[in-house]
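Start from the sequences, fold in the hints, and give me the full structure.
Chains as they are written, first to last, in the working numbering: chain A, 271 to 602; chain B, -14 to 293.
Where hints are given, some of them may not hold.
Listed next, with one range per pair, are the computed distances between beta-carbon atoms [unchecked claim]:
hint	chain 1	residue 1	chain 2	residue 2	range
1	A	GLY501	B	PRO43	52 to 62 Å
2	B	PRO8	A	ILE579	41 to 51 Å
3	B	GLY137	A	ILE402	57 to 67 Å
4	B	ARG250	A	SER371	34 to 44 Å
5	A	ILE439	B	VAL80	32 to 42 Å
6	B	LEU22	A	LYS445	19 to 29 Å
7	B	ALA248	A	GLY450	24 to 34 Å
8	B	GLY49	A	ILE579	41 to 51 Å
9	B	LEU22	A	GLY450	23 to 33 Å
10	B	THR139	A	ASP338	16 to 26 Å
11	B	LEU182	A	PHE388	40 to 50 Å
12	B	GLU172	A	TRP354	51 to 61 Å
The hints are simulated quantities; they were obtained by calculation from the structure and are not laboratory data.
This structure is a prediction, so every number in the text was calculated from the model and none was measured.
Virtual Cβ for every residue (Gly too), placed ideally from N, Cα, C.
Given next are the chains, with one letter for each unit.
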Amino acid sequence: MAAVSAAAAKDRVPRRTSRAGKAGKVPFRIRLRRDRALILMTLPVIVLLLLFNYVPLLGNVVAFQEYDPYVAGNGTTAIFHSPWVGVEQFSRMLDDPLFWSATKNTIVLFVLQLVFFFPVPIALALVINSVIRPRVRAVAQAIMYLPHFFSWVLVVTVFQQILGGAGIIAQTLEKHGWSGFDLMTDADLFKFLVIGQAVWKDAGWGIIVFLAALSAVSTDLYEAAAMDGAGRWRRMWHVTLPALRPVIALLLVLRVGDALSVGFEQFLLQRYAVGAGASEVLDTYVWNMGIQNGDFSYAAAVGLVKGVIGVCLVLGANKVAHLLGEQGVYQK
Amino acid sequence: MSLNTQLIRSLKAPARPVWEEPPSKAGLTAKTGFVMLCCLGVLGPLWIVIVTSLSPKPVIDQVGGLVVIPQGITFVNYTELLSGGQVSRAIMVSVGVTLVGTLFSMAVSVLAAYGLSRPGSLGHRFFLMTMMATMFFGAGLIPTYLLVQSLGLTDTYLSLILPSAVSVFNILVLRAFFMGISPELPESARIDGASDLRILLTIIMPLSRAVLAVISLFYAVGYWSAWFNASIYLTDQQMMPLQNVLIQLVQKNTEAPTGLQQAVRTGQLSALGLQMAVMVLALIPVAVASPFVQRHFKKGMLTGAVKG
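In structure tokens form, the structure reads like this:
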């Protein structure tokens, strides 16, 4: 991987420096004329991002209001007519047991995902990487990638049909005299069920990054290690895993930065089966309070708190990665 | 004969390097078993869903639910679902949204990726920063919802396309690929007087078929699988895409699609068989398309991982 980027960078370096050197001297109007086609090409995406990613940021002001969408003609003008209440919505949050239960669920699920989901693709990649028959490898990979492309609706439905009360396991057990098997509505097991679904859907897809990193490891390293008497397992420990370290660090940073998003559709879809108590995470709580109950200001406040903590987590995790000598999400 | 030897040769392992010790019998068996188990874990449930959707009602009733071993095949569930009614309409909606959305997303993404592929051009840094910053924050569900509502997009199909049309990650992958193309090609075209748009269409894009295929698949799968935006922005049940209809059928336990309820009640059709058939219809496009682009995945993800 590093080799690829180094080679690509070598190709471009003289070109880029010469352009950058010129950029300071070429007058703005001439640069505008020269690059107008490029700018026009970039604009549609920039406009879409401004409209749907930046403008709604301003909409977060409703978190400091008692927002009423019907006070004026449409949702936006209503913002100018709604009363300001300061941080009242935020202090409401402190006394809201449902908010704290959603927060607790979110954190517990994040820890469980980190422990039970995160290592799975690494282990799978090591196994697949040791399969040397190309045809077998390609077929196994194709099959393992497949569930990543299924929608959450399909994944949840498949699980329901296998593990649910009317599902195939319950049927078989009932025939043999055990009844009442239904993992899908068991609030205690729900957390592990959710991890199982995530593993089924995305663990196979997750190996792709690790396989790419593994294919960049020079076989000379393995040969040298073998010459020195390192067996299969020692080679994995001293050659393979160090090669994966930067990728693992990067993915860990990304995961920690996104700690408060443990999945949204997945939980919303199973809300009816398992109940709001077990399946409520911060994202679904925002949906429930805002879209379902119409308490837009409170929901926006919860979303805002989550968003701000999320940004802090990304920056913090990245800082830690830099301190540990890894590259992190962006370079310093 | 030749086909046979070819097959055997392709299945035969490439030579093991001399320094590597041959694997132990137990280790090899364990590894093979594990890989097969993983594949079975993926394919098993799909097999059950497909077989049940193809089983006649008496078989489903006799087994008492999902069918694992096929006993007789009928396409009646599919012919009923596809001969008009709720599910046929939902499929049309999903196909339409996926086609239009993917075309739109690809058009703006390819243009932006090319527009940003020349470092040092005017506004290059600013545009890139504007794009990348959105990867670190989200505006939040409520403000986005209020915006889509005020723009008057609710109850239109635009609400399923515009808010999710741009994926910055996809643009960065495309851009990294475009930047990897040797610069002499576009340069010589420019000297011959080609415009940037012409260079993109006649030089860059034909050289990037692999990554274009992968990114199109990513966008298409995104549109095909989406259901949440439809559930909050659309109120008219007639407009719902396939995933939402599937939710209604399976999650909320409606017994059958509207129009077929009579046939289920009188015992002509199996509700479970119909549900499984809808599931198969929802997974066929992705299951068929993704293996075709699979060999390009690593390349696409790799460039993204390196330069992202």
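Hint numbers contradicted by this structure:
Violated hints: none at all, because every hint is consistent with the structure.
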